[in-house]
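Q: So in numbering that gives the first Met the number 0 the end of the sequence shown lands on 135, straight run, no missing numbers.
No lab work stands behind these hints, which were simulated from the structure alone.
Keep in mind it's a predicted model, so treat the numbers as computed, not measured.
Beta carbons are placed, not taken as given, at the ideal position from N, Cα and C, and that holds for glycine.
Heads up, a few of these hints could be off.
What the hints assert, rightly or not - Below, in silico cross-link-like pairs of lysine to any residue (SDA-like), each with a Cα-Cα straight-line distance of 20 Å or less:
1. 134 <-> 21
2. 51 <-> 71
3. 54 <-> 31
4. 63 <-> 18
5. 54 <-> 97
6. 63 <-> 27
7. 95 <-> 71
8. 30 <-> 80
9. 30 <-> 61
10. 113 <-> 68
11. 44 <-> 106
12. 51 <-> 24
13. 63 <-> 24
Claimed, not checked - FRET-style restraints, in silico, Cβ to Cβ:
14. 79 <-> 41: 33 to 39 Å
15. 107 <-> 27: 29 to 35 Å
16. 44 <-> 93: 32 to 38 Å
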Amino acid sequence: MSKPMTKPMQKEAAGMTASAMAKGNFRMGEKPVSGGFSIHSEGGKQVLKLSKDFKTSDTAPDLKIVFSPSPTPLASSKAPAYPLKPGSYTILAPLKTSQGGQSYTIPASIDLSKQGSVLIWCQKFNATMAWAPLKS
Numbered sequence: 000m001s002k003p004m005t006k007p008m009q010k011e012a013a014g015m016t017a018s019a020m021a022k023g024n025f026r027m028g029e030k031p032v033s034g035g036f037s038i039h040s041e042g043g044k045q046v047l048k049l050s051k052d053f054k055t056s057d058t059a060p061d062l063k064i065v066f067s068p069s070p071t072p073l074a075s076s077k078a079p080a081y082p083l084k085p086g087s088y089t090i091l092a093p094l095k096t097s098q099g100g101q102s103y104t105i106p107a108s109i110d111l112s113k114q115g116s117v118l119i120w121c122q123k124f125n126a127t128m129a130w131a132p133l134k135s
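Input sequences plus hints: build the corresponding full structure.
A: Set out below in structure tokens:
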């Protein structure tokens, strides 16, 4: 009798791996969103990676990836724009593109232990497109 074939451990559908320091799936803010993120240590640096299936509005200008200390950053904001209050976020980088996998090096000045969520935010109109809680 032969042994049944087993599949090697597969990556999750969103493209995350088990070795992620933190990961999450984006939730809708002002606009529909799909996909998620993961944070990994690579070469002594922390890197935020958006999943291959990431997609957000391609009509919003000036999109940024930001961190918020709150795990529920939209709880104190009003729909439909969900504006962020000055000082309540830290900008990581401009979003490279509105869809697909992409990576961003997190500078040492951003202490992830003090961050509760990752957001996709339009700085020009102070509108939060999407957010995800940081989970280890």
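Q: It remains to establish, for every hint, whether it holds in the given structure.
A: So, going through the hints one by one against the coordinates:
| no. | hint | verdict |
| --- | --- | --- |
| 1 | 134 <-> 21 | holds, 5 Å |
| 2 | 51 <-> 71 | violated, 24 Å |
| 3 | 54 <-> 31 | holds, 8 Å |
| 4 | 63 <-> 18 | violated, 26 Å |
| 5 | 54 <-> 97 | holds, 6 Å |
| 6 | 63 <-> 27 | holds, 15 Å |
| 7 | 95 <-> 71 | violated, 25 Å |
| 8 | 30 <-> 80 | holds, 9 Å |
| 9 | 30 <-> 61 | holds, 15 Å |
| 10 | 113 <-> 68 | holds, 6 Å |
| 11 | 44 <-> 106 | holds, 8 Å |
| 12 | 51 <-> 24 | holds, 12 Å |
| 13 | 63 <-> 24 | holds, 17 Å |
| 14 | 79 <-> 41: 33 to 39 Å | holds, 37 Å |
| 15 | 107 <-> 27: 29 to 35 Å | holds, 32 Å |
| 16 | 44 <-> 93: 32 to 38 Å | violated, 19 Å |
The structure shown violates the earlier hints numbered 2, 4, 7 and 16.
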